[in-house]
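Each protein sequence line maps, in turn, to chains A and B.
Here the first sequence stands for residues -4 to 312, numbered as in the working numbering.
Here the second sequence stands for residues 11 to 515, numbered as in the working numbering.
Be aware that one or more of the hints could be misleading.
Pulled a few chain B residues facing chain A out of the computed Cβ check, cut under 8 Å [stated by the list, open to error]:
id: 1; residue: Tyr67
id: 2; residue: Ala93
id: 3; residue: Asn96
id: 4; residue: Leu145
FYI, nobody ran anything at the bench for these hints, they're computed from the structure.
Remember, predicted model here, so these are calculated numbers, not experimental data.
Using N, Cα and C, we set each Cβ at its ideal position, and we do this for glycine too.
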Amino acid sequence: MSGPRTWLARRLLLGVAQTAAVVLLVFALTEALPGDAAVALAGDQPDPERIAAIREAMDLDRPAHERLAAWAAGLAHGDFGTSLASGRPVSTYITDGFGPTLLLAALTVVLLVPVGVGLGVLTARHEGGPVDRLVSSVTLGVYAVPEFALGVLLVTVFALRLGWLPPTAVGYGTDLLAHPAALVLPVLVLLSRPVCSLARLVRAGMIDALDSPYAAHARRYGIPGFRIRYGHALPNALAPATQQLARTVDWLLCGVIVVEALYVIPGLGTVLMNAVAERDVPVVQGLAVVFGVATVVLNLGADLVSRRLAPRSEVAA
Amino acid sequence: MNPVNAVAEIDNLRVIVGDRAIVDGVNLRVLPGRITALVGASGSGKTTTGLALLGEYPAGARVSGDVRVPDGLVGYVPQQPGAVLNPARRVGALLRDIARTQVRHLPRRDRRAAVRARVLRALALAQLPEATAMLRRFPHQLSGGQQQRVVLAQALLLGAKVVVADEPTTGQDALTKRGIVDQLAAVSREGIGVVLLSHDLDVVRALADEVLVLRDGHVVESGPAERLWLAPRHPWTAELLASGAPTARIEPASEGAEVLRVGRLTARHGRTAVLRLPELSLHAGQCLAVVGRSGSGKTTLARCLAGLHRNHDGVIHLDGTPLPRSLRDRTRRQLAAVQYVFQDAGASFDEHRPVLHQVARTAVRLRGMTETDALAEARSTLLGLGLADDLVHRRPGHLSGGELQRAALARALLARPRVLICDEITSGLDTVTRRAILDTLAGRVRERGDLSLVLITHDLTTAALATHIAVLEAGALVEEAPSRQLLTAPRHPLGIRPTEVPATD
Chain A
-4 MSGPRTWLAR RLLLGVAQTA AVVLLVFALT EALPGDAAVA LAGDQPDPER IAAIREAMDL
56 DRPAHERLAA WAAGLAHGDF GTSLASGRPV STYITDGFGP TLLLAALTVV LLVPVGVGLG
116 VLTARHEGGP VDRLVSSVTL GVYAVPEFAL GVLLVTVFAL RLGWLPPTAV GYGTDLLAHP
176 AALVLPVLVL LSRPVCSLAR LVRAGMIDAL DSPYAAHARR YGIPGFRIRY GHALPNALAP
236 ATQQLARTVD WLLCGVIVVE ALYVIPGLGT VLMNAVAERD VPVVQGLAVV FGVATVVLNL
296 GADLVSRRLA PRSEVAA
Chain B
11 MNPVNAVAEI DNLRVIVGDR AIVDGVNLRV LPGRITALVG ASGSGKTTTG LALLGEYPAG
71 ARVSGDVRVP DGLVGYVPQQ PGAVLNPARR VGALLRDIAR TQVRHLPRRD RRAAVRARVL
131 RALALAQLPE ATAMLRRFPH QLSGGQQQRV VLAQALLLGA KVVVADEPTT GQDALTKRGI
191 VDQLAAVSRE GIGVVLLSHD LDVVRALADE VLVLRDGHVV ESGPAERLWL APRHPWTAEL
251 LASGAPTARI EPASEGAEVL RVGRLTARHG RTAVLRLPEL SLHAGQCLAV VGRSGSGKTT
311 LARCLAGLHR NHDGVIHLDG TPLPRSLRDR TRRQLAAVQY VFQDAGASFD EHRPVLHQVA
371 RTAVRLRGMT ETDALAEARS TLLGLGLADD LVHRRPGHLS GGELQRAALA RALLARPRVL
431 ICDEITSGLD TVTRRAILDT LAGRVRERGD LSLVLITHDL TTAALATHIA VLEAGALVEE
491 APSRQLLTAP RHPLGIRPTE VPATD
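Using the sequences plus the hints, can you model the full thing?
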């Protein structure tokens, strides 16, 4: 109906609106929490005078819309405010936690895409055969195991019993790349379920695509099998997998709390957990905005890729 | 006997699926530069024979006999060319891949240019204009005619000595048909043997050098096209050829009162007006054919009448009372009075329930009959349309397209409609089946007397059977008159060659 340019413009505009909505929602939700930071900070001495003093010092006595405007204006400049617990800028929390989380996410995705797609294509090619049945049973089984259970199991076997790998990343700080052995177990746990869901989606799509008249036509005209599978059938099978991949990357970037807690990795998930425990509202707000924006951006990317892979269906925008 | 070497040969081919021989003892010789047509009704084994040349057989088939293709290169243009074009890849992708398999002997740095030159040459041979722009497009951005040319270009690029074209003109309007006929003639002039699988006798007559007539997997007659046409030896050939001739006109004994009146009407899709009509009326027993090319607004008109398209500003009167615009607001009596038979009969049935029960449901829902009475009436109506009892107890998947179309007709008739709208109900069918369905319709109108038909069609031969014809073009009614008058002295050029209009007396 409309050209790709107008579609893109509309989609970007929608992304901006979604981001604004995320910012508003985060503010509204923290505003709705019972009590406020001043009460929390007053801690053991809930003396009304002290609370009022803290409120005034933190500008909490100003009307909500003024605080929202100030906060949103700060966000636009990359200023997320300051932590209540430590007085450090929120942005340093985010940048500190982002390193390890990004490292884990990147490693996971780099392994996830070839393994997931490869397994999907392999099983689709041997549909109903022993390879397909074996891989499908294993992926279904692994998918059914929750992260924390698999994490504990791997630690028990590989770290405690066999002693091949360190059980946690305690003591390595944020520079995890220098200690690759500490990354093996968390990445394995992060990979386990996404690989299974991706492989199963790609398998279903590939079975349809390989069975289609256009694949039969390419075979008829002597195109090599490898080229048919990866050049002609796979693009059709990937559209649903792209959306799933975007959701997975989003999940990874938002700090998988279970995995970070289990392996004591100082990523965003850990930062979030600590901030919640300390009622450090500005940090929670900052993280919520970062997570929200990541979701918006990733879905925008997935829509762009899907549109290219399934050019007939106009992705709604 | 023949000094020319055949480019493909089939010797005593027999294909058995289950316990039925779908092809039984077929012999075929394809000569370079000649067009061999396989004609016959649907299910006669044309497509199975054609695909045998490509080395493809139905799943689980037992095959005997000999198929020889010396070069091994056979091109295929299927009935729906869109289906063999990859929706996620640009048109150029497969073309380049085909060319790539042919340039392996060249040094690596010359391959790219060689591939491009070959692809462009093939597109030029297939008469596709703006080749470079075409390569960048996705299949859904091409028209049906362009898709067909792209698929043909693939076969030409392959260097095929034989091209199998399966029903290339089915469902196309007259102008597109003309283009396809020219195209196939040009391909055979290149020295390629063309195997044409078709039930469209006009096209076969225009193109074929050699014709094989198939029935139930047997070749009942074969020979040069001219001889076959002038002096068919087998009664089935005669029947097949006769099916191209006009059928009985759809005419009541006498015309009755006005049933349906459509006031001035503008129908829109979103904000775009797609159909503008002045007043139009339909009398009891009348048959109004609505003709026009695809996209002219024929179906939109039918959908407005049936209450399926609400976005219009006209008032439609049934027996003098205005009909609500939407199906949902119409009473049962009003719903029963205007019935619709869709082009794709298969899609209009639930695939999980027996046909008989679905047909009977109309009488239960719209006429308040009991289940038993409805089933009895459905059975007798279906029998009257030539569908035997054991057939209608099956699920829709086990019936052929023609049989499903009859069942859909029975389902609509069970509502005892005043107006029956038939939307291209014969366009996917072979000539023999088409003739039988049109005869059935004519019989019903004569029997009932007060049944009015609206026949949506792009086929003038079918339209000529009606009492009145309305011609639509680009969403406007350009002419409406009794069919004798319109066919003998049209005021508007129909864009259809006069030879396609049969004699009407």
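Going down the list of hints, with the structure as the test:
1. Hint status for Tyr67 of chain B: violated, given a least beta-carbon distance of 13 Å to chain A, over 8 Å.
2. Among the interface hints, the one on Ala93 of chain B holds; its C-beta lies about 4 Å from the nearest C-beta in chain A, closer than the 8 Å criterion.
3. Below 8 Å, beta-carbon pairs count as interface contacts, and Asn96 of chain B has one with chain A at about 4 Å; its hint therefore holds.
4. The restraint placing Leu145 of chain B at the interface with chain A is violated, with a minimum CB-CB distance near 15 Å, outside the 8 Å limit.
Violated hints for the displayed structure, listed by number in ascending order: 1, 4.
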